[in-house]
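*Asks:* In the order they appear, the protein sequences are chains A and B.
Position one of the first sequence corresponds to residue 1 (the numbering used here), numbered consecutively onward.
Position one of the second sequence corresponds to residue 1001 (the numbering used here), numbered consecutively onward.
Simulated from the structure, these hints should not be mistaken for laboratory data.
Mixed in with the good hints, there may be bad ones.
[To be verified] Take a look, some chain A residues computed to stay more than 12 Å from chain B by CB distance:
no.: 1; residue: E82
no.: 2; residue: S86
no.: 3; residue: L101
[As the list claims (entries may be wrong)] Covered stretches of chain A (chain B as the covering partner; in silico rule of three or more C-beta atoms under 8 Å from a C-beta of chain B):
no.: 4; segment: 8 to 17
no.: 5; segment: 43 to 52
no.: 6; segment: 106 to 119
Note that the Cβ used here is the ideal one computed from N, Cα and C, for glycine as well.
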Amino acid sequence: MKKIKEWIQNNTYHHSQFWDLKKLVEAKEKEGLTISLCLPTLNEEKTIGKEVILFKSELADRYPLLDEIAVIDSGSEDNTLEIAKSFGADVYLADDILPGLEPKKGKGENLWKAIYQLKGDIIVYVDADISNIHPRFVYGLVAPLIYNRQTKYVKAFYDRPLAFSGGIRPSGGGRVTEILIRPLFSLYFPELTGIIQPLSGEYAVRREVLEQIHFPIGYGVETSHLIDVYTKYGLDAFAQTDLDQRVHENQSTRSLGKMSFGILQTFIKRAKALGIIEKMEDHQTILRQTQAKEDTYEQIELEITEEERPPMIEIEEYQKKFVVKAD
Amino acid sequence: METSFEDILDSLSGLEESVQELKEILLANLVMLGEIPAPTFKERERIEFLLNRFKEAEINKSSIDEVGNGIGILEGENGGGNILVVAHADTVFNKKADHTIQVEPNKVTGPGVADNSLGLSVLSTLPNLLDKLGIRLNNNLILMGATRSLGRGNLEGLRFFLSNFKQPIKAGLGLEGVELGRLSHTSIGMKRGEITCSVPEEYDWTRFGDASAILTLNEVINRINEIRLPQRPKTSIIMGSVEGGSSFNTTALHATLHFEIRSQSSEMVQEIHQNLQEIIAEVSSHNGDEIELDIFAQREPGGISFSHPLVHNTRRIMDHLNIEPRPGPSTSELAAFIDHDIPAITLGLTHGDHLHELNETIQIEPMYKGIAQIIGTLLAIDGGYCEED
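Same shape as in the complex, but just chain B (with noise of 0.2 Å):
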């Protein structure tokens, strides 16, 4: 018997409870996914555990590509079409970094915990989740753990995969740890990079006291600040992060600005970025400085409406579950999705705070409605309910 929309409606909060008598295995599979460290480009050891989830699932397709994807795939009754649920494995944080989770009734703390070894843990109990249900989907559900997705990582992983899967993907579905209520479906344009001034290491006595890597980026910092942005299309320059200089008593001689410029239009990206490269030439020419601009990320804007089937039905969904919706724009794996015109949203899972810091935590009651909505949303596209006429 082919089941309504409504039918998934009133499906949910069943769901829900559902979910909650996995707690212990989820939790768990946080725990453990969360505690190997997992930096863009090593996220490897991730992959394995995932995989290893995968082939206790008993999914007897799942493999590690050419790019180090894990990728376990649910065949689906009629096996016709193809959903993508992916999560990326990496995380921001190095592997020195004390990985150790701590889990506490209401909470769970640790680095990387909410962005993204929820996500991750989450993809990775999906299998036991629909069984525990009784769920079988009509279409495959092709699972991802997706590498090389941060920072330099520029959705390598993802993009790879798409670029290389033959078959069509019906509608693919992005995991984020926070914030629930998150629905994101359409990708600004983005360029992301770092602009590095170097001075030179023999001492130079004509230029006693400024000769120094931080002083320049200071003036580029300065002049990027002067740029003038438009409020239509929305733009901003995001000014991440610096690094410079080794100690108290020595000039620097390096130092580095992280940047993302992101933009509706990326005409405007574009514009800005050349803005950049003027103002480095110039900075450069006053004082014979090194100055380096090298963006390694970019997305193109884009993606799905406010009123696709997609968007509109994982509204109701949340609607339903008491989830206050908060659609809008992202640099996550959409961007990757869009490129290959495929319609995509990106889910968060739960509340969480201090996100990218040691004590990263995430609140567990609020999961099980973060999950409830994200198997209630792959029912509606299973269903056939979010594909535009």
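Looking at chain A on its own, in the form it has when it is part of the complex (with noise of 0.2 Å):
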């Protein structure tokens, strides 16, 4: 896999490699580039303070990196919006963006509505929990974009082992990219596997990209963009930046469980679309999972159901804004 191992070598960045935020900051006016930063949230009030403040003052006053700072959330039961707010966030409710629409609840839908919402080229998705949070994480990934033009999509990853020996190491992502991921990608996109951590939360994308496609709301957004952007645009449209380590809380098994079933949808829909999978009957919509109780097993079923929104540009709401149409 020649292209693998050129792309890796070529789109793959340090954070380190950005630290001049003064050039980079000429460079993006140079490029006449607007860039929004999306926070999509729900019960984050003990970290969003802390990333309003750090990007605000670091990428908004100190270099106008950042034109826009948004949360969107979803519905938190806690002060998130409240704290946002009084760091300088502009602060939107998911439900009240194309209210016209049938709400719907999920991390995707924030992340959808924010490319109707948010009026930059390019959109950053941070993720609000990330306790480590620093500067890092906004203009490592957007500088790829700024820097190169033929980049579309840049992800995160995280590397940065906290004591290591030296030699040979594993480098990658979590359970769920190790366990289901990476052995899809294996099989049906195998150029995708040069990501290293496909399911991160942050990533910075150009708008004519995001509004070109779907958006799974639940688990399944990540794998539906890497799948999407690369047979729409190929694996050169994609960059990945190191951001070291970041800091959140752990998910239990089970919770990753729901994770892969939404996942597992998400995929086997495209795979079917794009025929790599003929003949395969609708999938079940049920994860059924086992659970002890006292000396005995019991089977629990969930229901997860990956619903999609549809490419931002067929939204009749967003044609009149953005003065565009769907091909």
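Both chains come to you apart, so use the hints to assemble them.
*Replies:* Written out as structure tokens, the structure is:
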């Protein structure tokens, strides 16, 4: 797989390559780009204040890299919105954006609606639950887009080990990535296996791409993006940046099971549409898990349906707002 | 036109508002500095961050000296004298502590935020603040993140700078995160050290049950407790912490007491030091255990008087900002200034609690007053209103 090797060599960065923010802002201005930061939230009062403060101070006030910092919330019951607002973020409820559409709940919904609500030519998405947040989470992702017109979609990965003695070591993502995504990609989209952390929630994307792709509203959003952008624009549209470490709360194996199930649905839908998997029956939407109670085991059934939004460009309001037409 | 002291007082409320407008930069500096661990002697990364801030503020004269201090000099209009603002860069937390900081609308929480990440972040933001306020001082303003301050550091960073900086310094101003109202102008005499008891590793059946370093240290502590301390001059022995042993079922081979002797009189400090030596010799002769006394930090008492113009006018500034001044002695950076006969004070920036715990917290709102008081004091020193005739 010479292509993957080449791609990894040319399109993989470390955030430290982009430390010169003055130069980066100059390049951004020269390209005439605007950049919006979207922080999708649901009950993130512990971490949101720090994220907004750091991004606003460093990447808006000090170095005007970001033209907009927005929180798009799924209906937090804590003080997420008040805190974000008090530190200067624009705050939106996902349900209030495109109110004519039936509301749906999920992170993907917030990301999708950000395309309509935010103005930037580039939108950078950063999860709001990162406790070791740092400006690199944004500049590391937008820099490849600013410096390279060919790049359309930049993914984060986190790879600096706390301690390592040298030699070869495994480099990769979390459990779902290694157990589910990588085997699937290896089978059907081998070129995408070059992406070290396909499920990372931090990425920066050009609007022209975002408005053309589907958005699963649940767990499948990252996987669908990779497959859709890959099939539409090819591997060279991607780049990835090492952001060192990301500290956040670990998820239980059970939650990861739910996530995997949603991802699988997204994946199979695409595999079928692309003619990769032929003659496959419609898949089930029930995930069955087992749990132990005293000495007995019982099965619990979880309904997980991966609903999808159409490309934003097909939405009438969007076409009006940005004066564009669907193909 | 010359600014009178009354003009400075009148400008204070405006200062408070302007400071508030730089809230994001200030808090971002607090978070980024505070999340870099900086135990005493390992402040390098924090100091490098500070220096980057100085460079971004286009301070051409900035450098890291031989003992790791981070220094930036904002040159004055006249370039005549020098005013030194110092905040210690080290904290009491080791590198392994989770240094994550949490920001809420009214408070910031995390290890070291009060002592002294806030002090250091205000120092790093001062160039932006002065620039925003359009303030150009007549004197050179030396901004210094001091290393090796706490514990065994014994103010080594500041002492090194003061011993090697060739030009005279008009006044010193120490920044501490808490407590707003603090106005330290004198230093008390102090000796800081530890007493370590050790028992031999070989098992001694003749001392079955009582061969424990903890027991020996206990005896030492009891004896220290019996030392009679005078009411005047005010004197105290702080038994700060003890550590010893390793498990439930193994005899403790080592046990250590960390302490400070404090007194208004250096003779008294010396006398108690001698008492400790005698106690150790005696306890050691009883049971044959090895006991070591190690004094690694000390301060000489001294400072400027309550009526000194620097203290007097700082109090007036605090009064004007409705900050209740709490003048008093401290064991902070002042001691190093006193050794060099430089008039100096230490001021607190805001209210806080859980000092030296992992959930150390500072309040955001009072910080604006705290910073306004610092800028007001700088203006007063710069205007020559804080010098004795």
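*Asks:* Does the segment 8 to 17 of chain A contain three or more residues whose Cβ lies closer than 8 Å to a Cβ of chain B?
*Replies:* Three-residue rule not met by the segment 8 to 17 of chain A, so violated; n is 0.
*Asks:* For A/L101, which was marked as not at the interface, is the minimum beta-carbon distance to chain B over 12 Å?
*Replies:* About 33 Å separates A/L101 from the closest Cβ of chain B, which puts it past 12 Å; holds.
*Asks:* A/E82 clear of chain B by more than 12 Å, beta carbon to beta carbon?
*Replies:* Check fails; 7 Å does not lie beyond 12 Å.
*Asks:* Beyond 12 Å on every Cβ pair: is that true for A/S86 relative to chain B?
*Replies:* violated (5 Å)
*Asks:* Mind taking a look at whether chain B covers the segment 43 to 52 of chain A? Criterion is 3 or more residues with CB to CB distance under 8 Å.
*Replies:* Our answer is that it holds, as 5 residues pass the Cβ test (under 8 Å) against chain B, meeting three.
*Asks:* Verify the coverage statement for the segment 106 to 119 of chain A against chain B, using a C-beta to C-beta distance below 8 Å and requiring 3 or more qualifying residues.
*Replies:* n = 0 at 8 Å, threshold three: violated.
Taken one by one, the earlier hints fail for this structure at numbers 1, 2, 4, 6, listed in ascending order.
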